[in-house]
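Chemist: What follows is each chain in one-letter form.
Protein chains: 2
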Amino acid sequence: MEDKPTNLPRTRPDGGELKPLTEVLLERRATNHFTDEEVPEEYLNAILRLAAQAPSGYNLQPWRFVVVRNAENRKRLKSVAFGQEKVGEAPVVVIFVGMKEEWKRTADEIFREGAERGAGRPDNVEQYKVSAFQFLEGMQHMPTWVNRHTAIAMTTMMYAAEAYGFDTAPMEGFDAAAVRAEFGIPEEGEVVALLAIGRARQPDKAYPGRFPLERIAFSERFGEAWKEK
Amino acid sequence: MEDKPTNLPRTRPDGGELKPLTEVLLERRATNHFTDEEVPEEYLNAILRLAAQAPSGYNLQPWRFVVVRNAENRKRLKSVAFGQEKVGEAPVVVIFVGMKEEWKRTADEIFREGAERGAGRPDNVEQYKVSAFQFLEGMQHMPTWVNRHTAIAMTTMMYAAEAYGFDTAPMEGFDAAAVRAEFGIPEEGEVVALLAIGRARQPDKAYPGRFPLERIAFSERFGEAWKEK
Numbered sequence: 001m002e003d004k005p006t007n008l009p010r011t012r013p014d015g016g017e018l019k020p021l022t023e024v025l026l027e028r029r030a031t032n033h034f035t036d037e038e039v040p041e042e043y044l045n046a047i048l049r050l051a052a053q054a055p056s057g058y059n060l061q062p063w064r065f066v067v068v069r070n071a072e073n074r075k076r077l078k079s080v081a082f083g084q085e086k087v088g089e090a091p092v093v094v095i096f097v098g099m100k101e102e103w104k105r106t107a108d109e110i111f112r113e114g115a116e117r118g119a120g121r122p123d124n125v126e127q128y129k130v131s132a133f134q135f136l137e138g139m140q141h142m143p144t145w146v147n148r149h150t151a152i153a154m155t156t157m158m159y160a161a162e163a164y165g166f167d168t169a170p171m172e173g174f175d176a177a178a179v180r181a182e183f184g185i186p187e188e189g190e191v192v193a194l195l196a197i198g199r200a201r202q203p204d205k206a207y208p209g210r211f212p213l214e215r216i217a218f219s220e221r222f223g224e225a226w227k228e229k
Numbered sequence: 230m231e232d233k234p235t236n237l238p239r240t241r242p243d244g245g246e247l248k249p250l251t252e253v254l255l256e257r258r259a260t261n262h263f264t265d266e267e268v269p270e271e272y273l274n275a276i277l278r279l280a281a282q283a284p285s286g287y288n289l290q291p292w293r294f295v296v297v298r299n300a301e302n303r304k305r306l307k308s309v310a311f312g313q314e315k316v317g318e319a320p321v322v323v324i325f326v327g328m329k330e331e332w333k334r335t336a337d338e339i340f341r342e343g344a345e346r347g348a349g350r351p352d353n354v355e356q357y358k359v360s361a362f363q364f365l366e367g368m369q370h371m372p373t374w375v376n377r378h379t380a381i382a383m384t385t386m387m388y389a390a391e392a393y394g395f396d397t398a399p400m401e402g403f404d405a406a407a408v409r410a411e412f413g414i415p416e417e418g419e420v421v422a423l424l425a426i427g428r429a430r431q432p433d434k435a436y437p438g439r440f441p442l443e444r445i446a447f448s449e450r451f452g453e454a455w456k457e458k
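Protein chains in written order, with this note's numbering: chain P, 1 to 229; chain S, 230 to 458.
The set of hints was computed from the structure by calculation and includes no laboratory data.
A hint or two may mislead.
[To be verified] Some residues of chain S that are not near chain P, with every Cβ distance over 12 angstroms (derived):
id : residue
1  : Thr264
2  : Asp265
3  : Glu330
[To be verified] Per label pair, the in silico range of CB-to-CB distance:
id : chain 1 : residue 1 : chain 2 : residue 2 : range
4  : S       : Asp265    : P       : Thr11     : 35 to 43 angstroms
5  : P       : Lys229    : S       : Glu342    : 20 to 28 angstroms
6  : S       : Gly245    : P       : Gly184    : 46 to 54 angstroms
7  : S       : Arg350    : P       : Phe133    : 45 to 53 angstroms
8  : P       : Pro122    : S       : Gly244    : 41 to 49 angstroms
9  : P       : Glu38     : S       : Ala410    : 47 to 55 angstroms
10 : S       : Glu355    : P       : Asp108    : 49 to 57 angstroms
11 : S       : Glu246    : P       : Phe133    : 41 to 49 angstroms
12 : P       : Pro122    : S       : Ser308    : 29 to 37 angstroms
13 : P       : Glu38     : S       : Gln369    : 32 to 40 angstroms
14 : S       : Glu417    : P       : Asp108    : 32 to 40 angstroms
15 : P       : Pro122    : S       : Pro432    : 13 to 21 angstroms
16 : S       : Lys456    : P       : Phe133    : 29 to 37 angstroms
We put the beta carbon where it would ideally sit given N, CA and C, even for glycine.
Construct the complete structure from the given sequences, taking the supplied hints into account.
Modeler: Listed below in structure tokens is the structure:
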């Protein structure tokens with residue numbers, strides 16, 4: 001395991017301040033067309049390392065990121081992603097993979113190191129492991145579990161990239177089996193999403209609106225519409 | 230549909246600046262014990278409205294938030310969440326629900342209003358709807374789809390709350406059928422996660438570490454370890 005990253009860029013590539021999260025959340029739109037301007041290596045590393053800070057159940061981190069930058073490879077990815085042009089255009093497209101089995105082999109290392117770092121007591125590691133395995137093997141549908149977790153990491157990466165001033169496009173349209181075959185992803189790896197990162201080529205598309213809170217939020221019980229005071 | 234929220238608080242409740250996203254991502258820890266200090270109504274509304282800005286496939290927004298604040302209800306929720314103390318302690322616990330069927334009834338309204346707002350052309354709405362239904366009914370395992378989407382909204386809410394200076398704890402340990410029964414959640418609603426929001430009662434637990442990038446990120450192809458330049 002590693003410590004928190006310490007040497008992240010403190011500004012956007014043009015020297016401007018990072019966008020506040022409120023601006024990121026309100027101004028972010030899914031980008032349909034990208035320029036070919038590259039994401040500087042220092043920023044790409046920072047974006048990946050920030051995504052790796054996302055929370056996961058038992059700290060199992062079941063997400064994996066396949067970073068595709070080579071133009072030929074993006075063309076191959078585009079062909080298994082319903083021909084979406086942004087996959088061919090964006091300088092970086094990340095394939096998010098959720099590993100359904102690998103945690104069984106890494107849990108021991110994760111729990112022992114966590115305990116050494118002060119998160120939990122070393123003499124509880126075995127008990128903790130038993131309860132984690134019981135919970136995951138007994139109660140969880142693993143494709144659902146890794147989708148949920150990997151979506152958390154994807155969301156984290158998307159907002160980190162936007163805070164640094166880049167444009168992004170999350171995608172769920174692809175032939176998962178073909179993506180797996182093209183990029184050497186093992187059978188246990190669920191292809192959860194793609195995320196394009198780069199610079200928008202044209203102004204953002206219009207904001208399509210959102211449900212008002214009283215339609216999606218409830219107070220105390222499902223169906224009791226939330227009222228803003 | 231609604232426009233973007235415009236009147237969000239510009240500071241934390243104590244007047245301090247919002248945390249930058251980099252600080253949120255690096256300093257956030259899952260909180261185990263909360264004080265009973267309430268989340269001010271203005272902030273809770275802002276956090277909910279920011280979460281509602283999360284992206285979703287076709288803008289279908291399949292997430293629903295059941296906001297539980299009443300102490301008796303939190304006690305009931307705790308009893309179906311493996312007795313986790315934070316559920317009883319935190320002043321706000323949000324139950325995240327993903328709706329597997331409701332989008333079929335709301336898609337028409339979403340697409341028409343989106344087109345009116347300039348996101349897509351009005352004469353393409355029918356075709357767009359056909360392709361959305363084809364994609365979702367044909368290719369997607371709906372529990373997985375709503376888990377993925379609802380996790381995006383949950384992640385967004387967690388970071389929004391943290392940016393405003395609150396502490397949070399995402400949870401996946403609960404008896405979903407019992408949560409559904411206790412809070413009137415319909416059969417089609419997947420209980421995806423819980424999120425506690427409030428103020429930590431004690432210092433954060435230790436950082437358990439993360440996998441280094443070379444173990445979770447790959448360059449161009451799964452298995453080709455990412456190297457930081």
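Chemist: Work down the list of hints and note, for each, if the structure agrees.
Modeler: Tested hints:
Non-interface status of Thr264/S relative to chain P is upheld: no Cβ of that chain comes within 12 angstroms, the nearest being about 21 angstroms off. Annotated as non-interface, Asp265/S keeps its C-beta farther than 12 angstroms from every C-beta of chain P; the closest such distance is 17 angstroms. Every C-beta of chain P lies more than 12 angstroms from that of Glu330/S, the closest at about 14 angstroms, which supports listing it as non-interface. In this structure, Asp265/S and Thr11/P meet the distance hint of 35 to 43 angstroms, their C-beta atoms being roughly 40 angstroms apart.
Against the hinted window of 20 to 28 angstroms, the Cβ-Cβ separation of Lys229/P and Glu342/S comes to about 27 angstroms, which satisfies the hint. A hinted range of 46 to 54 angstroms holds for the C-beta pair Gly245/S and Gly184/P, which are about 47 angstroms apart. Checked against the given bound of 45 to 53 angstroms, the beta carbons of Arg350/S and Phe133/P, roughly 52 angstroms apart, stay inside it. Taken as a hint, the range 41 to 49 angstroms holds for the pair Pro122/P and Gly244/S, whose Cβ atoms sit roughly 42 angstroms apart.
In this structure the supplied range 47 to 55 angstroms holds for Glu38/P paired with Ala410/S, their Cβ-Cβ distance being about 53 angstroms. Take Glu355/S and Asp108/P: their Cβ atoms lie about 54 angstroms apart, and the range 49 to 57 angstroms holds. At about 43 angstroms, the beta-carbon gap between Glu246/S and Phe133/P stays in the expected band of 41 to 49 angstroms. Checked against the given bound of 29 to 37 angstroms, the beta carbons of Pro122/P and Ser308/S, roughly 31 angstroms apart, stay inside it.
The hinted window of 32 to 40 angstroms between Glu38/P and Gln369/S holds, with their beta carbons roughly 33 angstroms apart. Our hint of 32 to 40 angstroms for Glu417/S and Asp108/P holds, since their Cβ atoms are close to 39 angstroms apart. Between Pro122/P and Pro432/S, the C-beta spacing of about 20 angstroms keeps the proposed range 13 to 21 angstroms intact. For the hinted restraint 29 to 37 angstroms between Lys456/S and Phe133/P, the CB-CB distance of approximately 33 angstroms keeps it satisfied.
Of the numbered hints given earlier, the model fails none.
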